[in-house]
Structures are given as structure tokens and as C-alpha cells.
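Trainee: Below, each chain spelled out in residue letters.
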Amino acid sequence: MEFLVASAIGILTAAGIYLVLRLRTFPVILGISLLTYAVNVFLFASGRLTIGAAPILNDDMTTYTDPLPQALVLTAIVISFGMTAVIVMIGLGAFLGSDDDHVDDQREDEGTKPEGQP
Amino acid sequence: MSLFFIVALPFLGALLPGVMNAAGRAACAGVTFTVTLAAFVGLLTNLPAVLAGEVVTARIDWIPTLGLNFTLMLDGLGFFFAFLILGIGLLIIAYGRHYLSRKDNMGEFFTYLLLFQGAMVGIVLSDNILLLLVFWELTSLSSFLLIGYWKHLPEGRQGARMALTVTGMGGLAMIGGMLILGNIVGSYDLSVILQNREAIQADPLYLPALILILLGCFTKSAQFPFHFWLPHAMAAPTPVSAYLHSATMVKAGIFLMARMWPVLSGTPEWFVLVTGAGLITMVLGAVIALFKHDLKALLAFSTVSHLGLITMLLGTGTAFGAMAAVFHILNHATFKAALFMSAGIVDHEAHTRDIRVLGGLRKLMPVTFVIATIAALSMAGIPFLNGFLSKEMMLEEANHTVLFGSYWLVPVLATLGSTFSAAYCFRFIGHTFLGPVRDDYPSKPHDPNPGMWLPPAILVVLVVVIGVAPFLVQDFVFLVAKSVIGGVAELETKYIKIWHGLVPALYMSIIAVVGGLVLTLLFKPLLAIWDALPRPEAKVIFEAIVEAAAAAARAFSHSLHNGAFTRYAMIGTVAIVAAGYHAWITGTVGPATRELQPTGPVPIAGWAMLVAATAALVVLHRNRFLALILIGIVGLMVSVGFVYLSAPDLAMTQFTVEVVTIILLLLALNFLPNRTPIESSSLRRVRDAGVAIAGGLATFALAYHYMLRDAVTTPISEFHLANSYKGGGGTNVVNVILVDFRGFDTYGEIIVLGIAALLIYALTETLLGGPVRARLLNRVPDQPRAGDMHPMMMVVLTRVMMPVVLMVGFYIFLRGHNEPGGGFISGLVVSIAVVMQYMASGFAWTSSRLRYPYHGVIGAGVLVAGLTGIGSWFVSKPFLTSDFTYVRIPPFNEFELATAALFDLGVFLAVVGAVMLSLESFSRLARRADTEDSEHPMDIDPSRDDPLPYGASDTAAEGN
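Going line by line, the protein sequences match chains A and B. This note's numbering applies: residue 41 is where the first sequence begins, and numbers increase by one. This note's numbering applies: residue 195 is where the second sequence begins, and numbers increase by one.
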């Protein structure tokens, strides 16, 4: 199980980094979302993995998984939504304002190229 | 008066001049004067204790763990300097009142002056070297403001910048030196450091500390090779020059050398560095001063020269040298401040400071002439004036100083410096006041009103009194010198006398004065030679160095930081991976302590789906809609993973967030191109893939090693598990942590979420307010629109589901404390219910039926949560302390009421408001001109659009 989770974190990170390094806003946003998953799962995994021991107190159980990373990740998930929304808004605003969804400023001679624009 | 008040008074008083500005110039100056006078009197109340040899202290622990305490100390040396700072400050304020013209903002000037004064007093009274550093930097900053007071003058701005750069750099070096010193001794208290001479001088870090501290002192006190900033600082108003650049700030470096004298001096390094720099500065300053035509520049270089003299005396490391230094500090402060003020008067009256167009002012300004002449003669070292006495002592000390094994080097240089010093004094008098009266002054000069000449006159009286009757001050000088020496060496009480007999110092003095006269008479040919000599222009060199440094910094930072996000992401990733790799190969990893959790076909299948979706996303990311679906799968599998790994709350949150995120991205895609074109070369993609794989492997390795080992210490979660029910009254530990144990965290987080939503709203408003609006309204969508934008099936379904979803949300909220759920999740669920209405029935229809603005909902959420926290104050508990009780209202079972539930309500409201405000903002962009906002929930409504079925009643049709 640990191997599966760790490799999933690694794959999500790799895919996230690759997409973040793309040149247009949309893949970068996707990449950031993938990195968010990776980071959240990583933080969650810092409580070590336990199966079938949810931190809901119960007289029949004696051991529980670590609840603290869960609490931290829970808020992180919600906040990452807010941050994603902000980034999307910034990207969208930039596109609507300049008709260009490049992440980086284009040099003058390149910026006029109507690449990818319908 | 407590030392705290003496230091605090100028700072507090600095608020007043600005306020009094409107009350007139006299009131403004008056209040400044009063504040300084109060501090001065406060200082004098401590005089008896100081005279009795006591050290007055005051102490408040500020950051004890850093060794930073607000500790003040007043001994002879501190008293001496504080006396100079406040005493001359009083005269300067009186003088400045008349010097500044009506156009100058007097409140601003006196505010800066008081800030500076407070910082200076702080330096000399600090008993903690860290505190001293704080005040030290404050003097640099406030002097920057004062030098650049005339903001319209480019020289003023340049001079201020140069002064700040040089003294600021010195200050930085000094911080390093002081920290080393504190480290050696183990305390940052001066009184402790001063007791540890042997430990400090034996330490291998003594030399670095010494050099760093001296850098600070030399830059502040304009010692060679940092002397060049002082003349440029003369662009300041003359009161500033008189105050900062003769009597106080430039003496701060001297003060620190004197303060540190007991622990740093006496070593060969100290002797060579300090005496060497002092000697060079003294001679160089005197020579340059002779050939300056600007009165203030002449005085500035003479100040440089005299500071060099004092530095040299401190450098010798003998008790007599220290005493001579103290005496000269006193004398220099009196005559130099008087000279500056006189130069200011000349400038004020004749509207020029150029010595070449002056002359003959003796008859026009007799009072100023007397004042300036006495002060200048004192500086030249003429008997019966105080400058003579200390110069004599300096020459005496120079006679006994052996530098680089040479007996004659120091005496000859000292005599040479004195000769030039005498020469520029004679030139100052001769070329300004003597000679024939001219008729081409820019303005007809005459003596100013007493407000301007009284302050220098008072100083000149002191010059004469000390010069004629040195026994009046000698006990005080001994006292100060003793506190400089601090018991390291024995001070023989050699009385300060005018006549010592026919000693070598007297002959040297005579040589200097006669030589000075000869130089003055030979001035014209000398000037011709001087002008013919190539001289390095300090300002040009300085500007070149600054320019080069800035260019180098730009070259470095721009190559890393060129505004391209892609580059930052790349550099950041590579740097983090490299740092992790370094830690990996240099650190050690313990053996695995945890057993692997079992796995089965279902988890493997889930993992495979996640991996496949991620891989497909990377390969197919150019098709943006497909990518959205794929990322949805990834999010879903992550949620499922949370379920499997005992995190039901996380799964619910992730799942609901997933829904709103996808809606959000869909809304965004509505505007963005739906394909990403191929732009990067395959080489670039291979490089990016390489970096990405390295990053992925690194996180994989980190996570894998991490999960196989137990925590190093017991996690604090043990406490949470043990107290969740007992203390928080809930069995869902995650929720109890969120709303109780770490409620303050959560409180901050909902505020962040609210701010993010407001930011989105603001950005939307800006977009819609600008040129984008017209484009949006007339946009032709790149996709064909659905013919039936609000299909009836969907409208009916969402309408039916709405109460059910709200119920579910309510249920999830209520059970959150004990079962998976809570404010975050129910907030998201409710948001989805409302968003469904938007999607099904259209923006206009839905928003016209929503009574509460989402900003208000966010605000209410934060307010409810905050007030819940404040509520605990009323029962004298800290913020956000929670309480709970069990109540039973028949016929229900016993249930729990917790304040945490109220807090969770705040969380719920904030989440609903934030999510809805973001989504609503996005959908507002989507409204277009060619599509009318529909008032109806459905585009096609049989009851509205279809012809009436045969036989139906008319009233039914009218009802719609």
C-alpha cells in the first residue's frame, strides 16, 4: 500500500511539474491542481497509512489513524480551491485583456504571432 | 529622571513639531526646544550620581532569548556625549528657527532633528550592543532625511544617498562585528563585554570583529578611505551640518571606539589600524581643506581632519591619548559648531559661501567676524583658546608614539597636519572677513538678528573660558577619560595647563602656526600647483562603484528573475530537488520500523486508474475538455484513496471540492481557447520531462521512506485523540481539531478563503469595468451553443433535488462533531445545490431569487466565528475556548450543544459565501449581448409557449 501511495504522489508530482512548465495558462493551472493533489496526499501520508481506523472515537476500537494531518489537509483542500479560483481568474483576465494566454510575456516579434488563436 | 525618559523624550517629542506646524514657526521651534530642554534637564539630574562615579542604569527585558534587552547605562562617557548632543542640540534648534526660510517646512525639519537626537542619545546611553546597533542604524536613517531635507536640490539627494550608503554599509559590517563580540563573551550587555578584555583579545575572531567594528566606526566618523561622504553631506541645511557633521553624528564612530576602548585597544592591530587611519585622515583632510573654496566644504574637510586627529589619539592606546581625545572632542564640538553656524550666517546674509567672492566682511558683520575669528583661531591652535590645549596634548602624545618602528613618522605627520590646519583657519579668517570691502556680494551682508548669532556666541564664550581656565573642566575631562579607560590603564592626573615649559610639543606648535601663516601667504602659487595636480574625484569613483554593483546585481538577478514564470518554476524545482538530493546523500536514514499495509486488487485497480488518468492527462493535455475530464478522474481516485485510508472527512471534502473546481474550470474554458497549440520544441519537452521525472522520483523516495518509519517523537495527535471527547465533546477527532483544538487556524483559513473570493470578485469588477466588457458582450463563442440552454428536465430535476441536497447539507453539518462531516463539507454541499440552480435555470433567474449577497454571507461567517471566539472572553477564558453541554428537550433524546457548533456555523457560512461568490463572478463574465437574460427558468415551457390544448380553461392560461 505504501508503495502505491508513494508512487502515486511521485507520478502526480512529475505530471504536475511537467504541466507547470508548459507555456499556456490552462495546462499550468492543471499542473498546479495536480501538484495540489500530490502535496495534499503527501501531507496526509505524513500521518502514516492506516486502513479501517478512521479517527471517529468508538468504544470498540483502541487505535486510530493520526487525525492531525487530516485536519490540516482538509482546510488545505478548501483553500486550494480558493487559490485555484484566483489563479484561473488571473489567467482569464490576462487572456481577455490581451487575447493571449501565454504564461510568460512574449517578446514583441513573437507576440504578434496568432498562434493557437481561433 | 529615568534614563528611559531621556531617550524616549526626543522620540515622543518628534510627533509634536509636525502637529505644531500650523501654529507658526515660533511655536514649532518652541516645542522642539522645550522637548530637548526637558531631556537636557533630565540628564543633568543624573549629574551628581555620575560625578560621584556611579553608573546609572535602567533595564527592561525585551527579547531575553536573543540577548536583546532594553538596557541603558549612564557613565562619564555617556553623560559627556549626551550632554554634547542635547546641549548643542538646544543651540542648533534656536539657530535653526532663524536660519530656515518661510518656504521650508519647519515641522518636518524639527521632526527629523528630534528623531536624530533621540537615536543619538540612544547610542550613547545603550548598555546593550544590539540595542546600540538599532539606534546606530536609526541615526543613519534620520541623517539621511536631514541631509536630503531640501528635496528639490539634486546635490542634497545625492549627498543623502551617498551618506546613507556609506554609513549603512558600515553599520552592516558593525552588526557582524558586534555579533562576533557578543558570541565571544556570551552576553550582549556592554557592561559585561567591557569586563572581558583578555577573553576577547585572545580569541581568534578578535581581528575579524575588530575590523568589522572599525568599518562601522570609520564610515560613520568619515575616516580614510571613507572620508568622502562627509563633504557631500554638506548639501544639508547648515544647522544640520553644524549638528550632525561637527558635534554629534560623526562623533558616533569616535564614541564607539572610545566605548570599546577598554576591550579592543592596546593590541598591535588596533594601534596600526586606528592610528594609521587617523593620521592619514588628519593630514589628507587638512590639505584638501586648505584648497576648498566653499566655506562649508572647507569646514567639512577640517572636520574630517580633526576626526582623524581624535581617532589617532584613541589609536595610541595610552591613557593620556584617551584623555587628550576626550578633551579634543569637547573642544572640537564647541569651536566647530560655532564655525559652521558662522558659515551659515555668512551664507544666509551674503547668499554665497564661495570664499573667492567674499572678503572684507569684517566691517559689515563685526559680530560674526569676532565669533568666527575666535573659533577659527582656536581651531588653528592659538594659545588662550581651547583648541590650543588639546592640540598641544595631541602633539605631546604624537611625540611618544612609535609607528612602524619609526620615532619621527608620527610627530612629523602630526606637525604637518597641524600646519595645514592652521593654514586653512587663517585662510578662512583672511579670505572671508579681512581684506577690502567689496561691492559685488550677491546680497549686501550685515549681522543677523541675535537669534542667529547668540548660539555660536555662547559656544565661543566656552572656547575662551576653557582656553583661559582649563582647570574648570579638567576634573570633568578626567572623569570622562576614566570611564573611557575603564580601569585598563592608569591615568596619571597630569593637569591641563597652558604652559608646560619648553617641551617639544611647544616647538611643534610654533612650527605649525608659523608654517600655517607662510602657507596662507603663499596661497596663490600653492593653489595653482594644487589645481594642476591630478586628483581622484571621490564622487565619480563612488558613483562608478555603485553603478557597477547595481549592474552586477542586475545581471545576476535578471538572469534568474526575468519575469518568466516558466523559468522560476524550473529554477525552483531544480533547486529544491538538488537541496533534497544533497540532504539525501549527506544524511542518514534509519531502518524501516513500520510494517507495510496490506494491499489488494481493489486498491491496485484504483491506483492504476489514477496513474492512467494522470499519464493520459499529460499526453492529451492539449485537448482541454478532455484534460478536464481526466483531472476529474484523478480527483475522484484521490477521494477514493482517502476513503480507503481511514479519512472519510477528507474524502467528502475532496469530492465536493472536485465538483466545484470542475465547474469553475468549465466556466473558464468557456472563454479560453479549447486547444493548447504545440509551441515548445521537442528538445524543450524532453528537458522538462527530465526535470519533472527527477521531481517525481524525489517526492516518491521521500514519501516512501517517510511512510515506512515511525515519527521520531510521539505525535501530538495522542493528545487530540485522548481529549477529543473529554475536552471537546465530539467523537469526530478531525472535526474537533478543526473547530476546537486548532480553531484559530481554521479561523484564519476561512478569512483567507473569503479574501480569495473577494479578490476574484474585484478582478471581475475590474474586467467588466474596462474595455474587456465590450469585447465580452459582443463575443462570438467558438463553440456552437446549445439550442435549449436551460433544459426542462434539468430544471425540474435540480428544483426537486434542491431541498434534498439542502437537507443533506444540514445533516452533514449537524453530525459533523461526531461523525464525518462538518461546516466545510456541508458548506460545499450547499454551494453545489445553489450552483445547480444557476446551471439549470440561468444566471438572471437564480440571482434575482437569492436574497442574500455573498459578500455578506462571507462576512457573516467570519463574524459568527469571530464572535464565538470572543464569547469566551466573557467567561474569562482565552479566545476561542470552547464549551459544551448536554441537554434534553422532550420528546427528543439527549443531545449535545457546543459552542464549537456555532463556530462551525461560521465556517459553513464563509465557505458557502466564498464558493458562491467565486463561481458567480465567473458566470457574470459569460453574459452576452446577443443572448437576452431569460426571466424564465426554462427556455421551453409547454405551459407558456405551447398553444393551449384544446378544451383547457382560459383562466389556466392567464395564470401563467
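Derived by calculation from the structure, the hints in this document are not laboratory data. From the three backbone atoms N, C-alpha and C, an ideal C-beta is built for every residue, glycine too. One or more hints might be untrue.
Said to hold, decoys possible - Output of the computed footprint for chain B on chain A, the stretches with three or more beta carbons under 8 Å from beta carbons of chain B:
{"hint": "1", "segment": "49 to 55"}
{"hint": "2", "segment": "63 to 76"}
{"hint": "3", "segment": "89 to 95"}
{"hint": "4", "segment": "117 to 131"}
{"hint": "5", "segment": "135 to 144"}
Unchecked claim - Covered by chain A, according to a simulated footprint, are these stretches of chain B (three or more residues, beta-carbon under 8 Å):
{"hint": "6", "segment": "241 to 253"}
{"hint": "7", "segment": "488 to 494"}
Trainee: Return the numbers of the hints above that this structure violates; sort them in rising order.
Mentor: Hints 6, 7 are the ones this structure does not satisfy, whereas the remaining hints hold.
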